[in-house]
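Given the sequences, and given the hints that come with them, work out the whole structure.
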Amino acid sequence: MALVFALAVAAGVASLAGAPEVATFAVSGIALAGLAWVITVATESVGDRFGPAITGVMQATLGNLPELFVVLFALRAGEVIVAETSILGSLFANALLVLGLVLLAGCRASRDGVMRFHPRLPQDTTTLLIIAVFMIVLLGLSVGSADPASTHRVAISAVGAVLMITVYGIWLFRYLRESRPTAEEELPHAPANRLAFPVALGLLAVGGLSAALVSDWFIAALDPALETLHLSKQFAGIVIVAIASNAVEHVSGVVLASRGKSDLAVSVVKNSVSQIAVFLYPALVLLSLLLSTRLTFVIQPVYVGALALTALALWQITGDGEAYPFEGWALVALYLILAVFAYFE
Amino acid sequence: MALVFALAVAAGVASLAGAPEVATFAVSGIALAGLAWVITVATESVGDRFGPAITGVMQATLGNLPELFVVLFALRAGEVIVAETSILGSLFANALLVLGLVLLAGCRASRDGVMRFHPRLPQDTTTLLIIAVFMIVLLGLSVGSADPASTHRVAISAVGAVLMITVYGIWLFRYLRESRPTAEEELPHAPANRLAFPVALGLLAVGGLSAALVSDWFIAALDPALETLHLSKQFAGIVIVAIASNAVEHVSGVVLASRGKSDLAVSVVKNSVSQIAVFLYPALVLLSLLLSTRLTFVIQPVYVGALALTALALWQITGDGEAYPFEGWALVALYLILAVFAYFE
Amino acid sequence: MALVFALAVAAGVASLAGAPEVATFAVSGIALAGLAWVITVATESVGDRFGPAITGVMQATLGNLPELFVVLFALRAGEVIVAETSILGSLFANALLVLGLVLLAGCRASRDGVMRFHPRLPQDTTTLLIIAVFMIVLLGLSVGSADPASTHRVAISAVGAVLMITVYGIWLFRYLRESRPTAEEELPHAPANRLAFPVALGLLAVGGLSAALVSDWFIAALDPALETLHLSKQFAGIVIVAIASNAVEHVSGVVLASRGKSDLAVSVVKNSVSQIAVFLYPALVLLSLLLSTRLTFVIQPVYVGALALTALALWQITGDGEAYPFEGWALVALYLILAVFAYFE
Numbered sequence: 022m023a024l025v026f027a028l029a030v031a032a033g034v035a036s037l038a039g040a041p042e043v044a045t046f047a048v049s050g051i052a053l054a055g056l057a058w059v060i061t062v063a064t065e066s067v068g069d070r071f072g073p074a075i076t077g078v079m080q081a082t083l084g085n086l087p088e089l090f091v092v093l094f095a096l097r098a099g100e101v102i103v104a105e106t107s108i109l110g111s112l113f114a115n116a117l118l119v120l121g122l123v124l125l126a127g128c129r130a131s132r133d134g135v136m137r138f139h140p141r142l143p144q145d146t147t148t149l150l151i152i153a154v155f156m157i158v159l160l161g162l163s164v165g166s167a168d169p170a171s172t173h174r175v176a177i178s179a180v181g182a183v184l185m186i187t188v189y190g191i192w193l194f195r196y197l198r199e200s201r202p203t204a205e206e207e208l209p210h211a212p213a214n215r216l217a218f219p220v221a222l223g224l225l226a227v228g229g230l231s232a233a234l235v236s237d238w239f240i241a242a243l244d245p246a247l248e249t250l251h252l253s254k255q256f257a258g259i260v261i262v263a264i265a266s267n268a269v270e271h272v273s274g275v276v277l278a279s280r281g282k283s284d285l286a287v288s289v290v291k292n293s294v295s296q297i298a299v300f301l302y303p304a305l306v307l308l309s310l311l312l313s314t315r316l317t318f319v320i321q322p323v324y325v326g327a328l329a330l331t332a333l334a335l336w337q338i339t340g341d342g343e344a345y346p347f348e349g350w351a352l353v354a355l356y357l358i359l360a361v362f363a364y365f366e
Numbered sequence: 022m023a024l025v026f027a028l029a030v031a032a033g034v035a036s037l038a039g040a041p042e043v044a045t046f047a048v049s050g051i052a053l054a055g056l057a058w059v060i061t062v063a064t065e066s067v068g069d070r071f072g073p074a075i076t077g078v079m080q081a082t083l084g085n086l087p088e089l090f091v092v093l094f095a096l097r098a099g100e101v102i103v104a105e106t107s108i109l110g111s112l113f114a115n116a117l118l119v120l121g122l123v124l125l126a127g128c129r130a131s132r133d134g135v136m137r138f139h140p141r142l143p144q145d146t147t148t149l150l151i152i153a154v155f156m157i158v159l160l161g162l163s164v165g166s167a168d169p170a171s172t173h174r175v176a177i178s179a180v181g182a183v184l185m186i187t188v189y190g191i192w193l194f195r196y197l198r199e200s201r202p203t204a205e206e207e208l209p210h211a212p213a214n215r216l217a218f219p220v221a222l223g224l225l226a227v228g229g230l231s232a233a234l235v236s237d238w239f240i241a242a243l244d245p246a247l248e249t250l251h252l253s254k255q256f257a258g259i260v261i262v263a264i265a266s267n268a269v270e271h272v273s274g275v276v277l278a279s280r281g282k283s284d285l286a287v288s289v290v291k292n293s294v295s296q297i298a299v300f301l302y303p304a305l306v307l308l309s310l311l312l313s314t315r316l317t318f319v320i321q322p323v324y325v326g327a328l329a330l331t332a333l334a335l336w337q338i339t340g341d342g343e344a345y346p347f348e349g350w351a352l353v354a355l356y357l358i359l360a361v362f363a364y365f366e
Numbered sequence: 022m023a024l025v026f027a028l029a030v031a032a033g034v035a036s037l038a039g040a041p042e043v044a045t046f047a048v049s050g051i052a053l054a055g056l057a058w059v060i061t062v063a064t065e066s067v068g069d070r071f072g073p074a075i076t077g078v079m080q081a082t083l084g085n086l087p088e089l090f091v092v093l094f095a096l097r098a099g100e101v102i103v104a105e106t107s108i109l110g111s112l113f114a115n116a117l118l119v120l121g122l123v124l125l126a127g128c129r130a131s132r133d134g135v136m137r138f139h140p141r142l143p144q145d146t147t148t149l150l151i152i153a154v155f156m157i158v159l160l161g162l163s164v165g166s167a168d169p170a171s172t173h174r175v176a177i178s179a180v181g182a183v184l185m186i187t188v189y190g191i192w193l194f195r196y197l198r199e200s201r202p203t204a205e206e207e208l209p210h211a212p213a214n215r216l217a218f219p220v221a222l223g224l225l226a227v228g229g230l231s232a233a234l235v236s237d238w239f240i241a242a243l244d245p246a247l248e249t250l251h252l253s254k255q256f257a258g259i260v261i262v263a264i265a266s267n268a269v270e271h272v273s274g275v276v277l278a279s280r281g282k283s284d285l286a287v288s289v290v291k292n293s294v295s296q297i298a299v300f301l302y303p304a305l306v307l308l309s310l311l312l313s314t315r316l317t318f319v320i321q322p323v324y325v326g327a328l329a330l331t332a333l334a335l336w337q338i339t340g341d342g343e344a345y346p347f348e349g350w351a352l353v354a355l356y357l358i359l360a361v362f363a364y365f366e
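Chains as they are written, first to last, in our numbering: chain R, 22 to 366; chain W, 22 to 366; chain F, 22 to 366.
Hints are supplied without guarantee of correctness; some may be wrong.
You can't tell identical chains apart in this list, so a pair holds if it fits in one copy or across any two.
[Unchecked claim] Below, simulated SDA-like cross-link-like pairs (lysine to any residue); rule was C-alpha separation at most 20 Å, straight line:
no., residue 1, residue 2
1, LYS254, ARG132
2, LYS254, PRO41
3, LYS282, GLY340
4, LYS282, ARG141
5, LYS282, ILE320
6, LYS254, PRO169
Source of the hints: derived by calculation from the structure; they are not laboratory data.
Next up, the structure:
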């Protein structure tokens with residue numbers, strides 16, 4: 022944990038001292054991933070007071086904090102492409118890469134090579150994703166055909182964002198209430214990670230603040246670093262930022278799956294996916310109304326298609342509560358195909 | 022019932038006397054909704070002679086009568102956009118708004134907050150919708166890429182229409198034969214609504230004729246009324262006409278669901294959706310071959326996407342025979358998003 | 022069998038002697054269908070040595086041999102449209118036309134008019150199809166919006182092809198291992214078709230070689246024949262080549278279904294579909310890197326949509342392990358709609 026803060030400090034020094042941008046970029050990227058982990062641990066400890074279901078949601082929400090800051094700073098810097106692809110990249114990384122690895126780990130951990138889990142949450146996640154897909158596909162078609170509605174993209178996005186958040190809220194309310202009884206056995210904390218309440222609360226505050234600062238430096242170093250590395254902004258968003266700011270969820274999901282905790286592993290990943298799609302993204306759309314650069318649900322056609330087909334693939338593969346190894350690898354392959362596209366954009 | 026005919030007469034007087042168009046538009050809109058109800062009641066009474074399954078289909082078919090007239094008069098007046106969006110609007114209003122409200126009412130009526138119903142009909146409806154989606158998406162892509170086939174849109178639409186109607190016919194044949202035994206208990210008529218056979222038959226004739234006349238006045242008043250109200254034609258089709266001409270199905274479905282008659286409520290809405298998609302729309306495409314303005318399956322890109330995703334959402338949400346409140350609200354939210362698009366077109 | 026080879030020889034004579042191209046085209050088309058049958062019979066007999074699961078895969082692979090040759094010769098002749106639509110046509114013919122007929126035959130053979138089969142293979146086929154759809158839709162959107170990635174279509178296609186083949190390999194490995202025990206009872210060979218091992222092996226070699234030669238003549242006669250017949254190249258690929266080179270699988274699947282062997286019939290068709298989508302097509306993309314005309318996953322927008330919706334329709338209709346007659350006819354109707362498009366392209 023000290024290492025993480027050391028990295029965060031190093032990122033700050035590098036940024037202010039005018040170190041090579043690639044170095045600043047790398048250090049602050051790793052520091053971001055570390056801070057996401059710190060926040061996760063702190064949340065777990067704080068959550069002991071409130072019960073596991075609330076903890077789960079807090080964890081997903083605060084675990085998305087670094088991402089939130091990255092997107093906000095990117096928007097402030099006028100980097101709409103980085104902002105958008107960072108959100109989408111987080112979604113794709115969770116839904117395709119991480120879920121794929123979770124399924125592969127889960128199949129390996131199972132005696133007969135088939136991973137089994139409750140299909141309820143995957144089904145719910147699909148329903149939530151469909152709303153985001155509906156909004157984004159319709160807006161994409163409207164912009165693509167340059168019809169009159171496309172000139173009102175900000176207003177339409179704002180209305181859509183409010184509606185999405187209400188659906189997420191209604192879903193979340195029932196999910197939290199229903200998962201109370203069974204959740205206790207499902208969230209066994211590693212004792213090493215448990216912190217005293219005030220320590221955890223302080224850590225949360227410091228972690229959040231650091232995440233905000235490091236995000237700022239990260240975004241400032243992004244542009245020149247990408248130029249030096251000859252990488253496109255879309256690759257940065259879809260792959261680099263996505264993996265940096267979600268690394269912890271990634272590792273924890275795979276570890277849970279390899280220990281045979283199928284349901285919990287699937288729940289961590291699925292909750293993250295639906296939260297990004299119908300809470301984080303809409304919330305950022307609404308927040309951006311206060312900024313000069315607006316975030317809307319208008320995204321590049323390739324990502325519109327990728328989002329719709331990701332929702333479909335998730336539904337088809339996890340909707341039956343069973344997963345085979347080739348299905349896990351199929352999801353990873355989808356992510357790799359997408360990364361190749363982002364690389365060439 | 023007298024009130025309905027009074028309204029119809031008022032609509033006629035308003036139309037012929039040159040009343041303000043907005044008034045004519047409002048009165049004839051309400052009269053249309055009333056006439057749909059009259060036709061429904063008359064059909065039920067006539068249907069007592071033929072058994073409930075046939076009644077159900079007659080009801081759906083005749084209940085779509087006002088819609089049929091609206092579309093035909095719109096086509097005759099050269100208002101292709103109003104014609105198309107009226108059909109699509111009826112489909113979306115039933116599939117998203119009404120089904121969403123039905124699910125919400127059904128969940129509220131259920132003891133554990135979960136609405137349950139047979140998944141067979143929802144699955145069938147999805148299959149039928151997929152054919153319409155296939156036709157419409159392919160034609161949309163053909164027109165969008167301006168390939169050679171797009172210049173033959175009338176011929177392609179006609180062939181597609183014939184094929185759709187055959188699929189619907191084969192499905193309907195089996196559905197009617199199979200639903201005979203159980204349907205009796207499922208269609209308890211309110212005694213108050215039962216009429217003597219000749220009265221009912223007469224009412225049907227008068228209702229149908231009135232619907233035709235009122236539709237004519239409705240369409241004539243539409244254009245100037247929309248201008249006065251600053252509303253787009255698409256909003257008129259997707260929202261106003263759709264709700265006016267389907268209001269009765271809407272209310273009856275929600276009432277049935279709130280009484281716990283899940284299967285019947287779902288069946289009324291689903292039958293209406295599939296009939297519009299693979300019978301009414303194709304039949305109007307074929308009928309329009311006799312008119313100077315042709316109706317085809319070429320629709321605006323935004324509605325192509327909305328139709329495909331509506332089919333998907335219906336399948337995903339109702340295909341498992343269970344519905345949760347957030348799913349009902351999700352469908353309503355999809356309709357609201359669509360209405361916002363239509364408003365800005 | 023002698024007739025088939027006689028036809029093949031006739032095709033050669035016609036081609037070399039400068040007979041009317043339409044005649045050469047017709048004779049070589051029929052000869053190709055016959056050779057596919059010869060190869061199937063020979064494979065079955067060879068396969069007796071290796072067990073039924075391996076035979077099944079060998080059969081699908083070698084049964085696709087004529088198709089492979091047609092596509093390769095079309096590419097060598099620079100006929101990219103014929104090459105692409107031949108692959109797609111084979112896929113659509115199997116997935117829509119043949120599967121539709123299989124379902125109709127299966128329903129007729131069943132006592133209660135409902136065909137039943139294991140839903141596992143249909144689900145797997147859908148998963149495999151989704152990867153192909155993902156690649157093709159994303160590339161289509163990229164090319165459609167002319168974004169930077171679209172200029173790298175060959176590289177992206179090649180990476181995608183490799184990934185698809187790995188997913189297919191992993192799936193196939195498990196499928197072969199798992200299907201060993203039950204397959205024995207499922208593959209009862211007609212004794213008349215069984216040949217001595219060396220005869221079968223020789224027949225396979227001669228059949229394969231003949232298929233290669235006939236494919237060459239077929240492609241050479243294609244262009245002038247189409248001009249004489251006033252048919253588009255896309256119609257040739259989607260309908261004529263597709264039916265000629267898959268006729269045998271078609272007939273055998275329908276025959277199996279009409280004898281009540283639902284699972285085997287579905288397996289023949291489904292295996293063929295997934296093999297074309299995620300093995301044959303990607304393999305041809307990679308092979309074409311050695312030719313001057315490159316095959317990529319860029320296809321016409323209409324076929325992109327048709328492919329995505331075919332995957333969806335297959336999943337929706339066969340994913341539940343039950344089929345009704347209207348579902349079989351719905352698939353056939355989808356194929357007919359597609360054929361109408363191809364006719365007008």
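Which of the numbered hints above does this structure break?
Result: hints 1, 5 break, sorted rising.
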